[in-house]
Amino acid sequence: DAGITQSPRHKVTETGTPVTLRCHQTENHRYMYWYRQDPGHGLRLIHYSYGVKDTDKGEVSDGYSVSRSKTEDFLLTLESATSSQTSVYFCAIRPGPRYPYEQYFGPGTRLTVT
Amino acid sequence: GQQVMQIPQYQHVQEGEDFTTYCNSSTTLSNIQWYKQRPGGHPVFLIQLVKSGEVKKQKRLTFQFGEAKKNSSLHITATQTTDVGTYFCAGVALNSGGSNYKLTFGKGTLLTVNP
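Heads up: the protein sequence lines correspond to chains X and B, in order. Adding 1 to a residue's 1-based position in the first sequence gives its number in the numbering used here. Adding 3 to a residue's 1-based position in the second sequence gives its number in the numbering used here.
Hints are computed from structural coordinates only; laboratory data are not their basis. This structure is a prediction, so every number in the text was calculated from the model and none was measured. Check before you lean on any hint, since a few could be wrong.
[As the list claims (entries may be wrong)] Residues of chain B placed beyond 10 Å of chain X at every Cβ, according to the derived structure: (1) Glu-18; (2) Asp-21; (3) Tyr-25; (4) Ser-29; (5) Glu-57; (6) Lys-60; (7) Thr-84; (8) Asp-86.
[To be verified] Pulled a few chain X residues facing chain B out of the computed Cβ check, cut under 10 Å: (9) Gly-43; (10) Tyr-102; (11) Gly-107; (12) Pro-108.
[Unchecked claim] Only pairs whose alpha carbons sit at most 25 Å apart, straight line, appear in this in silico DSS-like list of lysine-lysine: (13) B:Lys-105 / X:Lys-71; (14) B:Lys-39 / B:Lys-110; (15) B:Lys-110 / X:Lys-54; (16) B:Lys-62 / X:Lys-58; (17) X:Lys-58 / B:Lys-54; (18) X:Lys-71 / X:Lys-54; (19) B:Lys-62 / B:Lys-105.
Heads up, the beta-carbon is just placed ideally off N, CA and C, and yes, glycines get one too.
Sequences and hints are given; from them, build the entire structure.
Structure follows, in structure tokens:
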């Protein structure tokens, strides 16, 4: 599936602790995305990247930061995890920039904040 | 901001029955995409529609893009148990200023099929 891996796949952490999720791709795609998925909300964009060190906010970016120092890695950090950040996190890539614009998703990380 | 609404939220059918999910955007879209997510899995790209009034078929699945490029539908003929999952539409706003790389997802329709 487009050579996307996410780590860890599952994590349980306590409120107030920092957490970093990693998305790794092997095919040198320029565009990468972080989404969260919650029951009743579908997929919501947190942050995205359009190149090394080029990132921007999505619709639910509060409480999250990202970094992309290499093409292949896109990191999502929760500086101080809260229970409302319990969710399934998906990374996606877009082969783009030209048509078509479809995205390919990683397997997801299930994060529980207690 | 742009909103994409999808109905119904849930649909349960008997195997062999047809199924349709509808997607409506608050703004005109540049293109619309459909994804399928199996239980416990990740979203998988199905198709993209770009042209006004476009209709595309994939075996038993028929996808339509409205004339005004604000709505879309996915129709499955004669459902099978393998069709079980959540179907999402996702749109790119027409006035996204060339930044055609942000998708807004609908909340999805969960399809269950009784064998």
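Hints, one by one, checked against the model:
1. Glu-18: The claim stands: Glu-18 of chain B keeps its Cβ more than 10 Å from every Cβ of chain X (closest is about 26 Å).
2. Asp-21: Given a closest Cβ separation of 24 Å, the condition holds.
3. Tyr-25: 15 Å, holds
4. Ser-29: 14 Å, holds
5. Glu-57: Nearest chain X Cβ is 13 Å from Glu-57 of chain B, so the label holds.
6. Lys-60: 17 Å, holds
7. Thr-84: 23 Å, holds
8. Asp-86: 19 Å, holds
9. Gly-43: Constraint on Gly-43 of chain X satisfied, holds at 4 Å.
10. Tyr-102: 6 Å, holds
11. Gly-107: 7 Å, holds
12. Pro-108: 6 Å, holds
13. B:Lys-105 / X:Lys-71: Holds. Lys-105 of chain B to Lys-71 of chain X sits at ~21 Å (cutoff 25 Å).
14. B:Lys-39 / B:Lys-110: Holds. Lys-39 of chain B to Lys-110 of chain B sits at ~12 Å (cutoff 25 Å).
15. B:Lys-110 / X:Lys-54: 31 Å, violated
16. B:Lys-62 / X:Lys-58: 38 Å, violated
17. X:Lys-58 / B:Lys-54: 29 Å, violated
18. X:Lys-71 / X:Lys-54: With Cα atoms ~8 Å apart, Lys-71 of chain X and Lys-54 of chain X stay inside 25 Å; holds.
19. B:Lys-62 / B:Lys-105: Given pair Lys-62 of chain B, Lys-105 of chain B is violated - Cα atoms ~29 Å apart, limit 25 Å.
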